[in-house]
Amino acid sequence: MPRPRKSSLRVSLVLVGAVTLVGCGEEAEQRDLYASLEDCQKDWGRPEACEPAPRAAGTSHTGMWYGPHYAAGPAADGTTARGRHAVGSTRVTRGGFGSSSGLHSSGS
Amino acid sequence: MQREPCTPRPDWQLRCEKAGFAYHSIGGTYWDESACYSFTAEEVDLLESATDELHGLCLEACDYIVQRGRLHDFAIPEAFWGYVAESWRAEEPTLFGRFDLAWNGHGDPKLLEYNADTPTALVEASVAQWFWLQDVFPAHDQFNSLHERLIARWGELGETLPEATVVYFACARDSEEDLGNVQYLRDTATQAGLVTQHIFVEDIGWSEEEGAFVDLGNLPIEAAFKLYPWEWLARESFGPHILNRSCRWIEPAWKMLLSNKAILAVLWELFPGHANLLPCYFDAGPLSGDYVRKPLLSREGANVSLRRRGGAMMTGGSYGAEGYVYQALAPLAEFAEKYAVIGSWIVGDTPAGIGVREDDTPITSNTSRFLPHYFK
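Keeping their order, the protein sequence lines are chains A and B. Just so we're aligned, residue 1007 is where the first sequence starts under this note's numbering, counting upward by one. Just so we're aligned, residue 48 is where the second sequence starts under this note's numbering, counting upward by one.
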C-alpha cells in the first residue's frame, strides 16, 4: 500500500498584502451617539461626519448614528462632555496594550 | 537526518515574496536554501510520534498544575490564576504550538522547549518550504501539512464561536515578521470561512460603556487571535480588562502554562526519565553534568546560559527577573559546524510538520537561519 503523503496537497493564499499600516490611535477618544442623522448633522453640520452605528460587524443598522471621533475631555461639571443633540457617547481609551513589544520580540 | 548542499533557485527571493514571506533576509541571511535537510520516512514517523507524545504529556501537566494549584511556579500574576484555571477547565480550544527538539537522527528526540503561545517561523515552515519542495524535489515528500491543518482547525474553532463573530488578528506594529505570521494565519482562517479583521495591539481600545475591547471603529472585539505573549497582555495596563471575559482569546489563557519554561521542570517532575524529556529543575543542584539555565519567560534564546566543563556561554537580553529553570544539556545536531534544532508543529491535537533552524552556536536565537527539508 502506498504511504500517505505528509505534505499539503495544495497551498494557496487569498489575503497576502491585505494589511495597510495606519496611524496610532489617540490615548482617549470619544464619539457621540445620535438618535437620528438629523440630530447628528445639527451638531456637526456635515452629513459625511455622521455614519450608521452598527451594534457589531455583520449585523444590521440599529437606527442610531455616530458622529466623528474627537479627543475626549471632561465637561465643566466634571462629567463627560458631548454634543448638544447627542443621546450618549462612547469613550474609548487606546494604547493599553503594546508597551512590551518595543523591548522584546513577540514571537518565539 | 542529513544536511545536503543545494543550489538556490535563481529567483528564490521572488518565489518567497509571492508566498507572503517578504522577510526572507531579515537580519542578513534568514531563509537559506544553499543547503537542506533530508530525512527518511522512518525518521519522520519518529518525529511525528514524539510530537504527539509530548503534546499528550503537556496536556496532562496542565491538568496537574491546575488541580494542584501550582500556578505560582509560573510567575503568572495572581489576579490571573483563576482565569487561567477556568480557561483550562472550559477546554478553550487551542490553534497550534511548536516543540523545539534536539535530535540528530539517532536516539530519541528531546524537548528543549515548547513555544505554545506565540510560535513564529510559520510562513517559512508552512508555505515557503512547501513551494521549495515543488520546485526542487517534486518527487519527494515533506513533513508539512500545516496549511491544510490550519484551515481545518480554524473551521473547528469557528464552530465554537457565535455565528457571524468577527475574529480579529492582532500583533505588535513594529515587527514585519509578526505581521507576516499574522497575515498568513488570517489567510488560513478566511479560507476556513471565518470573518476576519486585522488590528495592531496598540490600536485595541477599551470602552467602559461597552465593557469591551473595541476596534478602530469602536466595534466590540469578541474574539481575537493575538501574536502577543500572554505574560505581556497580563502585565500591561489593559490587562485587568481581560478578566471581564468579554473577548475569546486565541491562544487561550491556559497556554500561559505551556509557553513558560517552568513547564520543563514540571514535566520532568511528573514523567522522570521519559525518553523525550531532559532532566530539568527549578535549581541547578540535582544536575551533575553540563546544563542550560533558561529564564522562565525568555524568547528567541535571550538570556540563556550554557554551562559545561571547560567553559560557559551566555546570550544577552533583559529576561530573568521571574526566575529560571536548569535543564540538562542535550547536544544539538551538528553538521558542517552548524547546529540544528527541529521545530515540530502541532495544530489542534495533530502533529503537522517540521522546520529546521540552524545556527553557528549551540543556542538558537532570532538570527538563526531556516533551512528547508524533504524526506524520501
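Hints listed in this document are in silico derivations from the structure and should not be mistaken for laboratory results. Mixed in with the good hints, there may be bad ones.
As the list claims (entries may be wrong) - Each computed DSS-like pair below joins lysine-lysine, with the alpha-carbon atoms no more than 30 Å apart:
{"id": "1", "chain 1": "B", "residue 1": "Lys385", "chain 2": "B", "residue 2": "Lys423"}
{"id": "2", "chain 1": "A", "residue 1": "Lys1012", "chain 2": "B", "residue 2": "Lys65"}
{"id": "3", "chain 1": "B", "residue 1": "Lys385", "chain 2": "A", "residue 2": "Lys1048"}
{"id": "4", "chain 1": "B", "residue 1": "Lys65", "chain 2": "B", "residue 2": "Lys423"}
{"id": "5", "chain 1": "B", "residue 1": "Lys65", "chain 2": "A", "residue 2": "Lys1048"}
Claimed, not checked - The calculated label-pair distances, taken between Cβ atoms and stated as ranges, are:
{"id": "6", "chain 1": "B", "residue 1": "Asp110", "chain 2": "A", "residue 2": "Arg1011", "range": "31 to 37 Å"}
{"id": "7", "chain 1": "B", "residue 1": "Asp58", "chain 2": "A", "residue 2": "Ser1042", "range": "56 to 62 Å"}
{"id": "8", "chain 1": "A", "residue 1": "Arg1011", "chain 2": "B", "residue 2": "Ala383", "range": "39 to 45 Å"}
For every residue, glycine included, the Cβ atom is placed at its ideal position computed from N, Cα and C.
Worksheet item: So which of the earlier hints does this model not fit?
Response: 3, 5, 8
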